[in-house]
Amino acid sequence: MYEFKYHRPSTVRQAANLLAKHEDAKLIAGGHTLVPVMKQRLAAPSDIIDLSHIEGVDGIEIKGRSLVIGALAKHADVASSPTVAEAIPALAELAGLIGDPAVRHKGTIGGSLANNDPTADYPAAVMALGATIVTNKRKLKPEEFFQGLFTTALESDEIITKVSFPLPKKAAYQKFRNQASRYALVGVFVARLPSGVRVTVTGAGQDGVFRVEAFEEALKKRFLPKALDGIDVSPDGLNSDLHGSAEYRAHLIGVLAKRAVDAANNRA
Amino acid sequence: MAKVSMIVNGNPVAKNIDPRTLLVQFLREELRLTGTHVGCDTSQCGACVVHLDGKAVKACTTLAVMADGHEVKTIEGLAADGAPLHPMQEAFREHHGLQCGFCTPGMIMTAIDIVHRKGHDLEDHVIREELEGNLCRCTGYQNIVASIAAGAKAMENSDLA
Ligand SMILES: Cc1cc2nc3c(=O)[nH]c(=O)nc-3n(C[C@H](O)[C@H](O)[C@H](O)COP(=O)(O)OP(=O)(O)OC[C@H]3O[C@@H](n4cnc5c(N)ncnc54)[C@H](O)[C@@H]3O)c2cc1C
Ligand code: FES
Ligand code: FES
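Residue numbers (full-length UniProt numbering), protein chains in the order written: chain A, 1 to 268; chain B, 1 to 161.
Bear in mind the hints are in silico, worked out from the structure with no lab data behind them. Be careful, since some hints might not be right.
To be verified - Label pairs and their in silico Cβ distance ranges:
hint, chain 1, residue 1, chain 2, residue 2, range
1, B, S5, A, K139, 37 to 43 angstroms
2, A, S46, B, G140, 46 to 52 angstroms
3, B, N143, A, T83, 38 to 44 angstroms
4, B, N157, A, A153, 51 to 57 angstroms
5, B, D159, A, G148, 52 to 58 angstroms
6, A, I231, B, G119, 42 to 48 angstroms
7, B, N11, A, K139, 43 to 49 angstroms
8, A, R41, B, E30, 18 to 24 angstroms
9, A, G64, B, D41, 43 to 49 angstroms
10, A, I231, B, G54, 46 to 52 angstroms
The beta-carbon is built from N, C-alpha and C at its ideal position, and this holds for glycine as well.
Put together the whole structure using the sequences plus the hints.
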């Protein structure tokens with residue numbers, strides 16, 4: 001790890017000021033992406049701004065027709081929260097599938113979204129549910145926020161403070177785990193919303209999370225696994241690596257989408 | 001340099017450290033608590049698992065400065081020198097849950113975390129799923145799973161948490 005200066009702000013505003021002041025500064029939340037990257041010397045921030053001592057940004061609550069989760073909420077908190085389990089059980093399940101128990105005790109939803117790893121789980125839920133990403137400056141829709149591989153719309157002094165998920169009628173997440181890393185080889189999130197149906201895929205796309213409109217159209221007519229029969233996903237633009245070819249991933253997307261619809265329907 | 005102070009195994013410690021210091025380095029090199037091991041150094045193997053405010057975390061992926069003001073418990077904190085072993089340690093001894101012992105401190109800290117979250121009656125498949133972040137290269141896991149199931153039960157009637 002290269003040398004850096006360490007800062008510990010106690011408010012979001014202080015953190016934003018520090019970010020603005022130091023050109024090569026980086027925020028740290030759970031550190032479970034940033035610390036490994038720094039250990040490999042793939043990042044050399046001059047200053048590290050520790051968000052973990054800021055209070056009041058890790059809450060989980062229902063506000064009107066939305067579930068609001070603070071950026072510093074840990075994966076384990078989301079996975080075990082009775083509020084999440086009741087409002088959007090698919091989201092609790094998704095959080096419980098991230099990494100392993102010790103990783104879930106440190107990693108945060110804000111860190112995961114800011115990082116926008118193409119194989120991360122949360123982006124699938126955020127885009128499928130049409131969630132709003134709230135920062136210290138503005139509110140962003142998933143389509144503007146996610147901008148491809150490890151890239152988001154976040155500006156250099158912008159900090160995610162919370163994520164607001166509108167409550168779906170039905171939703172489910174199905175993940176095919178990479179056996180070694182436990183990241184998603186393919187993950188499919190299906191949500192039936194008052195406004196329609198959304199199907200998103202993580203782990204498979206070269207540019208990160210994406211929607212499958214052909215599936216959405218079919219499921220809007222009939223929200224049943226059968227509705228997806230005969231609709232193939234093209235392997236174009238999908239990842240191909242030693243864990244699975246683009247064709248294999250394309251096939252998995254169809255299989256997992258059907259399972260997700262089934263799971264969503266069976267959840268009463 | 002950065003000043004850190006925390007409670008480690010019940011004792012307050014304060015040191016001036018390079019902010020780059022990982023929690024596992026801090027424990028092993030500054031405090032000489034060498035029961036916490038480094039296996040992979042990439043957050044995969046769980047040899048470095050300690051409890052931070054009562055929850056299992058990987059000390060190789062945590063900066064020591066991030067533990068400032070918090071409580072850390074390591075394998076050395078489970079039972080005092082000369083005192084009887086913690087029931088989970090005793091269960092690993094009794095059920096041959098270790099061979100070389102390298103992964104064992106991390107396994108035991110993870111096992112106790114599982115009991116805190118999932119209770120004392122643990123089915124084998126639950127233990128196996130919960131162990132996904134801990135790797136052992138010697139045992140084949142059968143005896144680790146048996147040890148954790150027995151240790152979880154024994155913890156029910158013990159004062160040691
Ligand atoms: C062994 C292992 C297995 C994993 N498996 C999975 C998995 O299966 N699925 C999965 O989705 N993830 C997985 N992860 C990633 C894990 O979930 C990370 O914790 C998470 O992606 C990053 O969150 P963090 O809080 O640790 O962020 P950090 O590492 O602290 O930060 C990550 C990045 O986000 C920025 N950042 C952090 N918080 C904010 C904020 N509030 N606003 C703006 N920017 C911010 C930081 O500056 C940094 O660039 C795994 C990690 C490990 C180590
Ligand atoms: S040394 Fe920390 S997980 Fe392997
Ligand atoms: S007992 Fe040798 S690594 Fe587990």
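Hints, verified against the model:
One distance hint, 37 to 43 angstroms for the beta-carbon pair B:S5 and A:K139, holds here, with the actual separation near 39 angstroms. The hint said 46 to 52 angstroms for the Cβ distance between A:S46 and B:G140, and at roughly 47 angstroms that hint holds. For B:N143 paired with A:T83, a C-beta distance near 39 angstroms keeps the hint of 38 to 44 angstroms intact. With their beta carbons about 55 angstroms apart, B:N157 and A:A153 fall inside the hinted range of 51 to 57 angstroms.
For the hinted restraint 52 to 58 angstroms between B:D159 and A:G148, the CB-CB distance of approximately 54 angstroms keeps it satisfied. Hint check: A:I231 to B:G119, Cβ distance near 44 angstroms, so the stated range 42 to 48 angstroms holds. One distance hint, 43 to 49 angstroms for the beta-carbon pair B:N11 and A:K139, holds here, with the actual separation near 47 angstroms. In this structure, A:R41 and B:E30 meet the distance hint of 18 to 24 angstroms, their C-beta atoms being roughly 23 angstroms apart.
Hint check: A:G64 to B:D41, Cβ distance near 46 angstroms, so the stated range 43 to 49 angstroms holds. Our hint of 46 to 52 angstroms for A:I231 and B:G54 holds, since their Cβ atoms are close to 48 angstroms apart.
Every hint, counting from the list given before, is met by this structure.
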